[in-house]
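K.L.:
Chains as they are written, first to last, in my numbering: chain U, 11 to 456; chain E, 134 to 711.
Warning: the hint list may mix true and false statements.
[Claimed, not checked] Under the rule of at most 30 Å between Cα atoms (straight-line distance), these lysine-lysine pairs were calculated in the DSS-like manner: (1) U/K138 - E/K255; (2) U/K138 - E/K538; (3) E/K538 - U/K167; (4) E/K538 - E/K480; (5) E/K169 - U/K276; (6) U/K227 - E/K538; (7) U/K146 - E/K538; (8) E/K170 - U/K227; (9) U/K132 - E/K169.
[To be verified] If you want the footprint, here are the derived chain U segments under chain E, 3+ residues with CB under 8 Å: (10) 160 to 170; (11) 260 to 269; (12) 307 to 313.
Calculated directly from the structure, the hints in this document are not laboratory data. Bear in mind that the values here come from a model prediction, so they are computed numbers and not experimental data. Heads up, the beta-carbon is just placed ideally off N, CA and C, and yes, glycines get one too.
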Amino acid sequence: MLILNIKLFCSYMPQFNIWILFSFHLADIISTVEFNYSGDLLATGDKGGRVVIFQREQEGNNRSHSRGEYNVYSTFQSHEPEFDYLKSLEIEEKINKIRWLPQQNAAHFLLSTNDKTIKLWKISERDKRAEGYNLKDENGRLRDPFRITSLRVPVLKPMDLMVEASPRRIFANAHTYHINSISVNSDHETYLSADDLRINLWHLEITDRSFNIVDIKPANMEELTEVITAAECHPNQCNVFVYSSSKGTIRLCDMRASALCDRHSKFFEEPEDPSSRSFFSEIISSISDVKFSHSGRYMMTRDYLSVKVWDLNMESRPVETYQVHEYLRSKLCSLYENDCIFDKFECCWNGSDNAIMTGSYNNFFRMFDRNTRRDITLEASRESSKPRAILKPRKVCTGGKRKKDEISVDSLDFNKKILHTAWHPKENIIAVAATNNLYIFQDKIN
Amino acid sequence: MSKMAGADGDDSLYPIAVLIDELRNEDVQLRLNSIKKLSTIALALGVERTRTELLPFLTDTIYDEDEVLLALAEQLGSFTVQCVFFFFVNLEYLDKAVESLRKISHEHSPEDLEAHFEPLVKRLASGDWFTSRTSACGLFSVCYPRVSKSTKSEIRQHFRTLCSDDTPMVRRAAASKLGEFAKVLELEYVKSDLIPLFAALASDEQDSVRLLAVEACVSIAQLLPQEDLEKLVMPTLRQATEDKSWRVRYMVADKFSELQKAVGPEITENDLVPSFQNLLKDCEAEVRAAAANKVKEFCENLPADSRETIIMNSILPCVKELVSDTNQHVKSALASVIMGLSTILGKDNTIEHLLPLFLAQLKDECPEVRLNIISNLDCVNEVIGIRQLSQSLLPAIVELAEDAKWRVRLAIIEYMPLLAGQLGMEFFDEKLNSLCMAWLVDHVYAIREAATCNLMKLVERFGASWAQSTIVPKVLGMASDPNYLHRMTTLFCISALSEACGQEITTKQMLPIVLKMSEDQVANVRFNVAKSLQKIGPVLENSALQAEVRPVLEKLATDQDMDVKYFAQEAMTGMYLF
Chain U
11 MLILNIKLFC
21 SYMPQFNIWI
31 LFSFHLADII
41 STVEFNYSGD
51 LLATGDKGGR
61 VVIFQREQEG
71 NNRSHSRGEY
81 NVYSTFQSHE
91 PEFDYLKSLE
101 IEEKINKIRW
111 LPQQNAAHFL
121 LSTNDKTIKL
131 WKISERDKRA
141 EGYNLKDENG
151 RLRDPFRITS
161 LRVPVLKPMD
171 LMVEASPRRI
181 FANAHTYHIN
191 SISVNSDHET
201 YLSADDLRIN
211 LWHLEITDRS
221 FNIVDIKPAN
231 MEELTEVITA
241 AECHPNQCNV
251 FVYSSSKGTI
261 RLCDMRASAL
271 CDRHSKFFEE
281 PEDPSSRSFF
291 SEIISSISDV
301 KFSHSGRYMM
311 TRDYLSVKVW
321 DLNMESRPVE
331 TYQVHEYLRS
341 KLCSLYENDC
351 IFDKFECCWN
361 GSDNAIMTGS
371 YNNFFRMFDR
381 NTRRDITLEA
391 SRESSKPRAI
401 LKPRKVCTGG
411 KRKKDEISVD
421 SLDFNKKILH
431 TAWHPKENII
441 AVAATNNLYI
451 FQDKIN
Chain E
134 MSKMAGADGD
144 DSLYPIAVLI
154 DELRNEDVQL
164 RLNSIKKLST
174 IALALGVERT
184 RTELLPFLTD
194 TIYDEDEVLL
204 ALAEQLGSFT
214 VQCVFFFFVN
224 LEYLDKAVES
234 LRKISHEHSP
244 EDLEAHFEPL
254 VKRLASGDWF
264 TSRTSACGLF
274 SVCYPRVSKS
284 TKSEIRQHFR
294 TLCSDDTPMV
304 RRAAASKLGE
314 FAKVLELEYV
324 KSDLIPLFAA
334 LASDEQDSVR
344 LLAVEACVSI
354 AQLLPQEDLE
364 KLVMPTLRQA
374 TEDKSWRVRY
384 MVADKFSELQ
394 KAVGPEITEN
404 DLVPSFQNLL
414 KDCEAEVRAA
424 AANKVKEFCE
434 NLPADSRETI
444 IMNSILPCVK
454 ELVSDTNQHV
464 KSALASVIMG
474 LSTILGKDNT
484 IEHLLPLFLA
494 QLKDECPEVR
504 LNIISNLDCV
514 NEVIGIRQLS
524 QSLLPAIVEL
534 AEDAKWRVRL
544 AIIEYMPLLA
554 GQLGMEFFDE
564 KLNSLCMAWL
574 VDHVYAIREA
584 ATCNLMKLVE
594 RFGASWAQST
604 IVPKVLGMAS
614 DPNYLHRMTT
624 LFCISALSEA
634 CGQEITTKQM
644 LPIVLKMSED
654 QVANVRFNVA
664 KSLQKIGPVL
674 ENSALQAEVR
684 PVLEKLATDQ
694 DMDVKYFAQE
704 AMTGMYLF
């Protein structure tokens with residue numbers, strides 16, 4: 011009976027036995043990570059405007075350990091640095107977000123955005139090459155026109171697989187402020203893009219127009235108190251989307267109700283705990299990421315110190331709150347001074363919505379099991395993990411006596427931050443970006 | 134491999150060889166060029182080689198740019214069905230390919246269709262990628278009419294499956310082709326098969342699918358006999374007018390006139406009138422604006438015997454409220470059609486009920502609303518005569534003429550000739566003349582230019598003697614304005630008016646001024662003198678040309694400024710004065 015329970019226990023939380031599958035060093039700081047709908051492709055964007063796509067090796071490979079190793083599939087330069095002449099401002103090429111489109115045919119499509127411009131990229135494979143010219147002979151020399159006595163249609167011969175990325179659409183000039191989110195609608199036809207004050211709705215085929223659906227810019231800019239920090243479309247209801255703000259509120263809007271969704275349908279805000287109020291309360295309440303669960307019933311928000319799960323049916327408070335690094339609460343002053351308090355951490359759900367993950371400092375990342383309320387801290391770094399080694403749980407010591415293997419709060423490296431993480435949509439594979447390094451971890455199967 | 138006509142020493146195959154090679158050139162334009170000449174290549178290769186070599190090659194090079202694929206799909210129209218089939222598995226631009234297929238389908242015998250077309254359609258309808266399923270939707274209606282009964286039944290089944298496909302894209306394609314498919318179906322099947330599908334799509338969870346069902350509604354309503362409409366179509370239509378999504382309601386408003394014609398007078402009176410009222414009062418401004426746009430058309434198409442009652446009792450109250458709507462686009466849409474109601478309602482009703490509305494909109498704070506009223510004055514003129522409005526019209530025109538936004542000023546200038554015609558010469562001289570003059574010295578060049586054109590049209594309408602007494606003196610007076618731009622405007626006006634004013638005025642009054650300005654301090658003025666002389670030359674007598682114009686041009690041809698010299702020489706050449 012006991013053994014059975016342990017087995018159940020292990021399969022119930024398999025993600026807590028993790029071994030590193032693959033690590034990759036990129037040329038620049040990684041700024042976004044995203045799996046596609048099947049999980050076979052993983053896209054990363056970096057500060058230099060490059061997109062690197064990794065592909066999972068298909069099963070049936072003759073390598074014994076590859077239960078699906080990720081290898082580089084395609085690399086391309088998505089955005090270049092630009093200069094806004096009217097405002098004398100540089101536009102960074104850093105990729106803020108990547109979102110995949112559902113697969114329509116053999117090619118793959120993704121949207122990538124920097125601060126101002128969104129691009130739709132098509133990634134396709136070519137494994138054939140044309141051979142046979144009419145005007146040239148085998149050595150490449152031009153033939154005499156008078157000596158062409160028959161016509162030759164080129165024949166396609168197989169060649170090494172080549173993966174090409176081509177920009178299919180460029181959606182530009184619609185945002186005055188910096189784009190922080192893009193999200194594809196469940197109708198597979200439209201998507202939204204959000205900047206600090208506005209949210210626009212685009213049609214994937216139309217680049218010269220977009221509809222503005224949310225505009226929170228006050229008539230007098232001096233009255234500005236709140237900005238939009240993230241936005242997402244509901245996974246299956248085509249008319250619903252949410253956006254979060256710097257004041258810790260989330261608004262759910264219904265595009266059916268009106269053309270301009272300035273009036274929200276639902277307003278989510280947790281009442282503030284007066285005892286924990288401080289100078290930094292508002293800053294740390296700012297929501298850096300909002301994600302719907304796959305089921306569409308819940309949504310998760312990340313603020314500076316915690317992750318909250320909300321039931322869409324209840325606006326008054328979240329149903330679950332998880333402390334990510336509560337030990338930082340007493341350090342807020344110094345974190346404010348070194349600007350870390352403004353770091354924007356992302357969060358993600360696993361495929362079955364029973365676990366969530368988010369990043370922290372010192373290359374630590376945290377996972378929470380929603381059913382058992384167990385949590386774990388792991389580190390993504392080369393020093394502490396060899397290939398196929400099982401990751402050891404980490405612990406931060408807050409009190410006086412530091413145990414062996416624990417790390418004290420003051421020794422945490424705040425330059426090593428994990429802002430971007432992604433979870434495979436179906437399996438227990440996670441991607442963690444630690445500055446220039448991408449780690450892919452997988453749950454160990456016995 | 135057949136040897137083409139052309140022994141050694143003949144380069145006739147060369148151009149085709151070039152085309153073939155360029156099919157895979159790095160340069161997009163060259164590939165595009167070759168694709169556009171595909172039929173030439175095919176002709177040279179012959180049917181067999183085209184089918185076995187060329188087409189397989191083309192299908193596999195589908196990694197191409199959008200424009201090339203589009204051009205390719207267009208070319209398919211000249212190929213047989215068998216050839217076309219190769220493209221469908223991978224081609225991204227299936228809609229264009231489908232269009233080609235539809236064009237050629239009627240060239241095929243029914244047997245051919247059964248043998249090749251229908252299996253193609255079947256293959257597409259059950260394709261893995263939803264793009265092929267989407268394109269199948271476009272092909273059903275073209276092959277249905279001419280295939281066998283059993284095949285027809287199969288096609289209907291396919292369509293049914295696609296209407297409940299998992300992917301929104303496929304359901305959207307099915308919904309958009311619903312109307313077209315209905316047109317080729319036998320009536321019994323429209324009722325038994327298509328109506329349930331229509332109802333299902335109209336209640337789809339995706340807004341984008343329900344939207345398209347509204348369009349289909351019109352086609353289906355047109356096909357069914359009157360007695361079936363109430364049971365089969367109206368429930369769905371009623372549902373759409375009350376849909377939670379404003380976009381669906383907008384679609385209904387947008388298609389309202391077509392719906393009205395399709396359902397007939399009785400249902401219009403009982404159902405559509407209340408629906409139209411609701412749309413005019415909708416909570417979403419976009420819907421109200423779309424409905425407002427249809428007010429005139431809707432009213433015009435009401436049955437003659439009940440038209441006036443319906444309008445007075447049901448429509449007019451809503452219209453009155455729209456005049457003071459909070460949203461400017463709604464008011465603007467209304468303003469563009471409201472005048473049209475006067476012809477329907479007749480003189481008395483117009484004076485009593487509509488006139489106050491016109492006047493209210495004429496004073497609206499939004500310039501577009503005012504402009505829309507002014508641009509439709511001719512309808513009112515027919516019914517009650519414009520004098521009724523002129524009291525309020527004038528302040529409105531003046532305000533628009535002096536609006537801070539130049540595009541608003543530009544719009545009113547463009548209506549000026551029309552207004553002048555309707556208001557008459559006296560009214561114009563009294564009230565509007567000074568406005569037209571003021572525009573000539575506006576800060577914005579586009580306004581000055583439009584004002585010049587306006588004067589020309591006015592002279593065409595009112596005649597040369599009117600011009601001589603009212604505007605010519607003022608125009609010529611600007612020739613001594615301290616601002617060189619205004620002096621140049623005089624020259625542009627003269628160029629524009631000379632033909633309409635005629636030889637005498639041009640020679641006696643305009644020419645001396647122009648010649649005098651050849652000594653202007655500013656070079657721009659001087660070279661425009663040369664250009665003006667060239668323009669008015671044809672109106673002048675030859676004696677004047679030789680005696681007066683030529684010496685001046687010769688002098689300008691030796692001017693210090695290069696541009697003056699150039700234009701003077703051009704003028705002389707152009708007028709054969711060298």
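K.L.:
Hint by hint, note whether the structure agrees.
P.N.:
Results of checking the hints against the structure:
1. For the suggested pair U/K138 and E/K255, the alpha carbons sit about 29 Å apart, so the restraint of at most 30 Å is met.
2. Of the supplied pair hints, the one linking U/K138 and E/K538 is violated, its CA atoms being roughly 59 Å apart against a limit of 30 Å.
3. A threshold of 30 Å between alpha carbons decides the hint, and for E/K538 with U/K167 the separation of about 64 Å lies outside it, so the pair is violated.
4. Proposed proximity of E/K538 and E/K480 is contradicted: the alpha carbons are some 36 Å apart, above 30 Å.
5. Restraint check: the Cα-Cα separation between E/K169 and U/K276 comes to about 55 Å, which exceeds 30 Å; the hinted pair is violated.
6. Straight-line distance between C-alpha atoms of U/K227 and E/K538 comes to about 24 Å, which keeps the hinted pair within the 30 Å bound.
7. For the hint pairing U/K146 with E/K538, the CA-to-CA distance comes to about 64 Å; that exceeds 30 Å, so the pair is violated.
8. With a C-alpha separation of about 54 Å, the suggested pairing of E/K170 with U/K227 is violated against the 30 Å cut-off.
9. Of the supplied pair hints, the one linking U/K132 and E/K169 holds, its CA atoms being roughly 25 Å apart against a limit of 30 Å.
10. As drawn, the stretch 160 to 170 of chain U meets chain E at 7 residues by the rule of a beta-carbon pair under 8 Å; at three or more, the given contact holds.
11. Figure legend: the stretch 260 to 269 of chain U, annotated as covered by chain E; annotation consistent (5 residues with Cβ-Cβ distances under 8 Å, at least 3 required).
12. Only residues whose beta carbon comes within less than 8 Å of a beta carbon in chain E count, and the stretch 307 to 313 of chain U has 0; fewer than three means the coverage is violated.
Hint violations for this structure: numbers 2, 3, 4, 5, 7, 8 and 12, all remaining hints satisfied.
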